[in-house]
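Peer 1: Sequences listed follow chains A and B, in order. Each position in the first sequence, counted from 1, maps to that position plus 513 in the working numbering. Each position in the second sequence, counted from 1, maps to that position plus 513 in the working numbering.
Take the hints with a grain of salt, since some may be wrong.
Pairs involving identical chains hold if they fit within one copy or between any two copies, as the list cannot separate such chains.
Below, a list of computed lysine to any residue pairs in the SDA-like style, where the Cα atoms sit at most 25 Å apart [unchecked claim]: (1) K539 with V696; (2) K719 with G559; (3) K580 with R664; (4) K719 with E683; (5) K619 with D606; (6) K561 with D516; (7) K580 with D531; (8) K653 with A717; (9) K580 with E643; (10) K550 with H660; (11) K550 with V696; (12) K719 with P644; (13) K722 with L654; (14) K807 with R664; (15) K550 with I529; (16) K722 with R777; (17) K580 with L654; (18) K550 with E692; (19) K550 with L597; (20) K539 with T690; (21) K719 with E643; (22) K719 with Q546; (23) K807 with A518; (24) K550 with T690; (25) K539 with E784; (26) K539 with A681; (27) K539 with G622.
Simulated from the structure, these hints should not be mistaken for lab results. In this text the structure is predicted, and so the values were computed from the model without any measurement.
Protein chains: 2
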Amino acid sequence: MGDFAVEQYLKQRRAIVDRALDHHFKQSGRQSQAIHKAMRYALFSGGKRLRPILMLASGDLFGADVKSVMPFAIAMEMIHTYSLIHDDLPALDDDELRRGEPTVHKVYGEGIALLAGDALLTEAFHVMTEPTLAQPSDGKLILRVAHEIARAAGIAGMVGGQAMDLEAEEREADVATVEYIHVRKTGALILAAARAGAILGGAAPKDLKRVARYGEFFGLAFQVADDITDVSQIPANGKEIKKATYPAVVGITAAKSRARELLRQCLKELEPFGRTAEPLRAIARAVIEPAVGKASSAGKRRVLDKDVRS
Amino acid sequence: MGDFAVEQYLKQRRAIVDRALDHHFKQSGRQSQAIHKAMRYALFSGGKRLRPILMLASGDLFGADVKSVMPFAIAMEMIHTYSLIHDDLPALDDDELRRGEPTVHKVYGEGIALLAGDALLTEAFHVMTEPTLAQPSDGKLILRVAHEIARAAGIAGMVGGQAMDLEAEEREADVATVEYIHVRKTGALILAAARAGAILGGAAPKDLKRVARYGEFFGLAFQVADDITDVSQIPANGKEIKKATYPAVVGITAAKSRARELLRQCLKELEPFGRTAEPLRAIARAVIEPAVGKASSAGKRRVLDKDVRS
Numbered sequence: 514m515g516d517f518a519v520e521q522y523l524k525q526r527r528a529i530v531d532r533a534l535d536h537h538f539k540q541s542g543r544q545s546q547a548i549h550k551a552m553r554y555a556l557f558s559g560g561k562r563l564r565p566i567l568m569l570a571s572g573d574l575f576g577a578d579v580k581s582v583m584p585f586a587i588a589m590e591m592i593h594t595y596s597l598i599h600d601d602l603p604a605l606d607d608d609e610l611r612r613g614e615p616t617v618h619k620v621y622g623e624g625i626a627l628l629a630g631d632a633l634l635t636e637a638f639h640v641m642t643e644p645t646l647a648q649p650s651d652g653k654l655i656l657r658v659a660h661e662i663a664r665a666a667g668i669a670g671m672v673g674g675q676a677m678d679l680e681a682e683e684r685e686a687d688v689a690t691v692e693y694i695h696v697r698k699t700g701a702l703i704l705a706a707a708r709a710g711a712i713l714g715g716a717a718p719k720d721l722k723r724v725a726r727y728g729e730f731f732g733l734a735f736q737v738a739d740d741i742t743d744v745s746q747i748p749a750n751g752k753e754i755k756k757a758t759y760p761a762v763v764g765i766t767a768a769k770s771r772a773r774e775l776l777r778q779c780l781k782e783l784e785p786f787g788r789t790a791e792p793l794r795a796i797a798r799a800v801i802e803p804a805v806g807k808a809s810s811a812g813k814r815r816v817l818d819k820d821v822r823s
Numbered sequence: 514m515g516d517f518a519v520e521q522y523l524k525q526r527r528a529i530v531d532r533a534l535d536h537h538f539k540q541s542g543r544q545s546q547a548i549h550k551a552m553r554y555a556l557f558s559g560g561k562r563l564r565p566i567l568m569l570a571s572g573d574l575f576g577a578d579v580k581s582v583m584p585f586a587i588a589m590e591m592i593h594t595y596s597l598i599h600d601d602l603p604a605l606d607d608d609e610l611r612r613g614e615p616t617v618h619k620v621y622g623e624g625i626a627l628l629a630g631d632a633l634l635t636e637a638f639h640v641m642t643e644p645t646l647a648q649p650s651d652g653k654l655i656l657r658v659a660h661e662i663a664r665a666a667g668i669a670g671m672v673g674g675q676a677m678d679l680e681a682e683e684r685e686a687d688v689a690t691v692e693y694i695h696v697r698k699t700g701a702l703i704l705a706a707a708r709a710g711a712i713l714g715g716a717a718p719k720d721l722k723r724v725a726r727y728g729e730f731f732g733l734a735f736q737v738a739d740d741i742t743d744v745s746q747i748p749a750n751g752k753e754i755k756k757a758t759y760p761a762v763v764g765i766t767a768a769k770s771r772a773r774e775l776l777r778q779c780l781k782e783l784e785p786f787g788r789t790a791e792p793l794r795a796i797a798r799a800v801i802e803p804a805v806g807k808a809s810s811a812g813k814r815r816v817l818d819k820d821v822r823s
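Okay, chain A solo, but in the shape it has when bound:
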């Protein structure tokens, strides 16, 4: 357990995702230089590649070939990246900096930023539907995964959550509203990443359900942790935080406690998989614990017991 080198694992996985993205976005032919540069600028701006790494780890658990998962993994990162570009636009959050660097529209202008986001979203589906990927028999499997990702990214998922978030700015949010928004805005893509790997690996229905619950708890914990991190940072533009967040509604202590409980529940779902689920476990911990502390010891002990047995 304790000997799993999570830092090294994440670094290696990030490197192979970066290579796949770089290969995919080599300049080809005559096209708008600006939009191509803007897409690369956004894609290679220090993202952690959480969603692709999660999808690959979930695929590994069920023996999926990395080569068959990778197109979906990089598609997921394209969708995540487009959502950040559009979120940063003046029409939404009007952010000038992301990860300490000027946002895409600050560098390339609002028009190109808007189009670069559109192009990334479209390219995600272009890469997922590449027919040469499919053996005749697995066309339906590929359609199923692309369909789930579309659902998670669309009005029933991420975009719907963003729209709810925008509407919530105009009124006082309660815990139910905050969770409703989080589940869609951030949770849906993380859940889809976890499920996609398992589906592509041919997971049995009961195992897919476990991975899905892991993804649900993780996704919600991730957003709560992210909100907590945001609260402890002074926004560069001095904007007042009006968004519906966990800390804003229940306070920072209760928010941390909730995130730890969600992490505990998320790890619990992995117990039946024993040591083979160590990467999925390590990813969740590496992302959540720095913001909120370790999962409650009771939950942790149970996970350890199970691991020792398996």
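Fit chain B to the given chain A structure using the hints.
Peer 2: Relative to the frame of chain A, chain B by itself:
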């Protein structure tokens, strides 16, 4: 020939496309009210449904089932509609009116308009990848069509053309640049609509090539005709037209002549299909001729001769 009731045909086809879109976008469950309303506002604002009708007509030519083409046809309309919403935003054209009505961001705000466009683009791929559509054997066929549509809508097609268009505003455009932009910005989706119907109908490779050339000529003729129509209208906001357009580069007379020639070439590709291609012929004429006049009589006579024979 002359007895093909094009007005009635277009009206009927438009009605079935509208019904399919309406059915797909019924409100379901708790979600942001505003984004759902904004999507419907944009979708049901008097569009001609050219791309879906074209795809259905192309499918008919090869005996495709309307039910199997419809998901792709409405997806195409969603993609077209999202592009109009984003185009109208202040980041791009900053238009206050479309078809005489306030644009989406004028009614719902820029944030919701941006997200409504994102949601429509995502929903297009959600509907195209619906696994229940696919028989096990035709998963690859569906992937192929979705992939082509993604290519046509993305950086190699529509979005790439829009980005080029944006860059062209900063310098003097020549005819080659204008055609390069048109082929991508408008042509790519029209071509994809024509091809998608033929592929779903199982067209033989040589027939698919003919339909593709029809789509290419039609797409370019359509954009030239559209530019000509724009020139003859006074923009409501009094903005100077700076875009790279055919009339701006070669003058209105030469532009009309070019559009008529493109229409002639487009109709010529349909000759081998005889009367069965009458809907495709009628669609092209109905869209192009009001702006530029009839195709050159020589071309027209050839089409007629062929039709009489078949």
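Peer 1: Each of the hints needs a verdict: does it hold here or not?
Peer 2: Quick rundown of the hints versus the structure:
Proximity of K539 to V696 under the C-alpha cut-off of 25 Å is restricted to the inter-copy arrangement: shortest distance 22 Å between copies versus 34 Å within a copy. For the homomeric pair K719 and G559, neither the shortest alpha-carbon distance inside one copy (36 Å) nor that between copies (48 Å) is at most 25 Å. In this assembly of identical chains, the alpha carbons of K580 and R664 lie at most 25 Å apart whether taken from the same copy (23 Å) or from different copies (22 Å). Neither within a single protomer nor between protomers do K719 and E683 lie at most 25 Å apart by alpha-carbon distance, with minima of 41 Å and 58 Å respectively.
For the identical chains of this complex, K619 and D606 are neighbours both inside a copy (13 Å) and across copies (18 Å), given an alpha-carbon limit of 25 Å. With identical chains, the CA atoms of K561 and D516 are at most 25 Å apart within one copy only, with a shortest distance of 22 Å there and 63 Å across copies. For the identical chains of this complex, K580 and D531 are intra-copy neighbours only, at 14 Å inside a copy versus 41 Å across copies, given an alpha-carbon limit of 25 Å. With identical chains, the CA atoms of K653 and A717 are at most 25 Å apart both within one copy (17 Å) and between copies (24 Å).
For a Cα distance limit of 25 Å, the shortest separation of K580 from E643 qualifies both inside one copy, at 13 Å, and across copies, at 24 Å. For a Cα distance limit of 25 Å, the shortest separation of K550 from H660 across copies, 23 Å, qualifies, whereas the shortest one inside one copy, 29 Å, does not. Taking the shortest alpha-carbon separations for K550 and V696, only the inter-copy value of 22 Å comes in at or below 25 Å, while the best intra-copy value is 32 Å. With identical chains, the CA atoms of K719 and P644 are at most 25 Å apart between copies only, with a shortest distance of 21 Å across copies and 29 Å within one.
Taking identical chains as interchangeable, the C-alpha atoms of K722 and L654 lie at most 25 Å apart only when both belong to the same chain, with a minimum of 17 Å there against 30 Å between chains. Taking the closest pair of Cα atoms, K807 and R664 never come within 25 Å of each other, the shortest separation being 32 Å inside a single copy and 45 Å across copies. Taking CA atoms no more than 25 Å apart as the test, K550 paired with I529 passes inside one copy only; the shortest distance there is 21 Å, against 42 Å between copies. With identical chains, the CA atoms of K722 and R777 are at most 25 Å apart within one copy only, with a shortest distance of 17 Å there and 58 Å across copies.
With identical chains, the CA atoms of K580 and L654 are at most 25 Å apart both within one copy (15 Å) and between copies (22 Å). For the homomeric pair K550 and E692, the shortest alpha-carbon distance between copies (23 Å) is at most 25 Å, but the shortest distance inside one copy (36 Å) is not. In this assembly of identical chains, K550 and L597 lie within 25 Å of each other by CA distance both inside one copy and across copies; the values are 16 Å within and 24 Å between. Taking the shortest alpha-carbon separations for K539 and T690, only the inter-copy value of 23 Å comes in at or below 25 Å, while the best intra-copy value is 42 Å.
Within a single copy, K719 and E643 get their C-alpha atoms only as close as 29 Å, which misses the 25 Å cut-off; across copies the closest is 23 Å, which meets it. Taking identical chains as interchangeable, the C-alpha atoms of K719 and Q546 are never at most 25 Å apart, the minima being 48 Å within one chain and 35 Å between chains. When the C-alpha separation of K807 and A518 is checked against a cutoff of 25 Å, the pair qualifies only within one copy, where the shortest distance is 17 Å, while the shortest distance between copies is 72 Å. For the homomeric pair K550 and T690, the shortest alpha-carbon distance between copies (20 Å) is at most 25 Å, but the shortest distance inside one copy (38 Å) is not.
Within a single copy, K539 and E784 get their C-alpha atoms no closer than 41 Å, and across copies no closer than 41 Å, so neither meets the 25 Å cut-off. Taking the closest pair of Cα atoms, K539 and A681 come within 25 Å of each other only across two copies (23 Å); inside a single copy the shortest separation is 40 Å, beyond that limit. Taking CA atoms no more than 25 Å apart as the test, K539 paired with G622 passes inside one copy only; the shortest distance there is 22 Å, against 36 Å between copies.
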